[in-house]
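Visitor: Work out the full structure, taking the sequences as your base and the hints as a guide.
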Amino acid sequence: MESAVDPRPTPAEGSIPYLLIGLGLALLLWGSGWGLFVAPQESYMGDVQRIMYVHVPTAWNAMLALTFAFACAMVSLLRGGWKWDARLEAAMEVGVTLAVLLCIQGSLWAKPTWGVWWDWDPRLTTTAVMVFAFAAILALRRFVDDPVRRAAWSAVAAIIAFADVPIVYFSVRWWNSLHQLQSSPETVSRAFHWPLRINAFGVLFLMSGLIALRARVAELRLRDELGPPLPLPAAAQGGL
Amino acid sequence: MPGMGVGVIEGGWEFVWTAYGVSAAILVGYAVSVHVRYRAERARRRREEAPQGA
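Same order as they appear, the protein sequences are chains A and B. All you need for the numbering used here is the position in the first sequence, starting with 1, plus 49. All you need for the numbering used here is the position in the second sequence, starting with 1, plus 659.
If you're looking for bench data, these hints aren't it; they were derived computationally from the structure. No experiment lies behind these values; they were computed from the predicted model shown. It cannot be assumed that every hint is accurate.
Some chain B residues judged to face chain A by a derived CB distance under 8 Å, without partners named [as the list claims (entries may be wrong)]:
#, residue
1, 666
2, 668
3, 672
4, 682
From the three backbone atoms N, C-alpha and C, an ideal C-beta is built for every residue, glycine too.
Guide: The following block contains the structure:
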């Protein structure tokens, strides 16, 4: 049991992350089945458009995970607390995983529709920058042994890297792009709404469960690192 | 490419199946990797916090 003066994080117990992951996978199975076998064929792209039912929810949730990472970085810097550093690490790892998956799905959609696997157009280029920026932060975290410096440094780096996330979102509006405009219930035929919505919630629950579970891993590692003497987080020492 | 010039892309199921297959593999694989790391860290904590000689 954590003592009153022990600033080390105490990871939560319980099965909520597993419930979220299970619910997310079940919804994904349902939504993908609907998208693959029930939803009608799209008028121009034919069956290839069915990739949308996994690609668009992955994109939404990758950006959501990285936005949550930004929020964790801000709280970690301003208020301190090891839990926020653990959540930052978890959100970045899950966000990068989803963003890499997003690029693979996009490539598989681009080849039959655009004729190329990849193009250096604004949406794809800014997405690649986003993936490499957050992946670099995750990789460099491993090289900083001091947890206090690592928490402060990676929070600042995550805030800087996050500047690219809105650019990714608006890139298709700001510049001429091969990539189509954002998909939403307003821009997509009603016949395609349900599988898209079900999969969006599926990836959302899965992402939430994975971030919660991955944060526990980070907290357990932090507890190990923060064995006595116990340093305080950056904010508790008066900030950076 | 089959279907080019008539306004509709025909076929392409191999791309669809690959996209869904890769998605399933990455999402399930990542979930398993997080679960395995969590179990390993929890087991290590239990070992370290167990009383000496227990």
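Visitor: Classify the hint on residue 672/B as holds or violated, based on whether any CB of chain A lies nearer than 8 Å to its CB.
Guide: holds, 6 Å
Visitor: Is the interface hint satisfied for residue 666/B? The criterion is a beta-carbon contact with chain A at less than 8 Å.
Guide: holds, 6 Å
Visitor: Restraint: residue 682/B near chain A, CB-CB cut 8 Å. Satisfied or not?
Guide: holds, 5 Å
Visitor: Taking 8 Å as the limit, does the beta-carbon of residue 668/B come near enough to a beta-carbon in chain A?
Guide: holds, 5 Å
Comparing the model with each numbered hint stated earlier shows that all of them hold.
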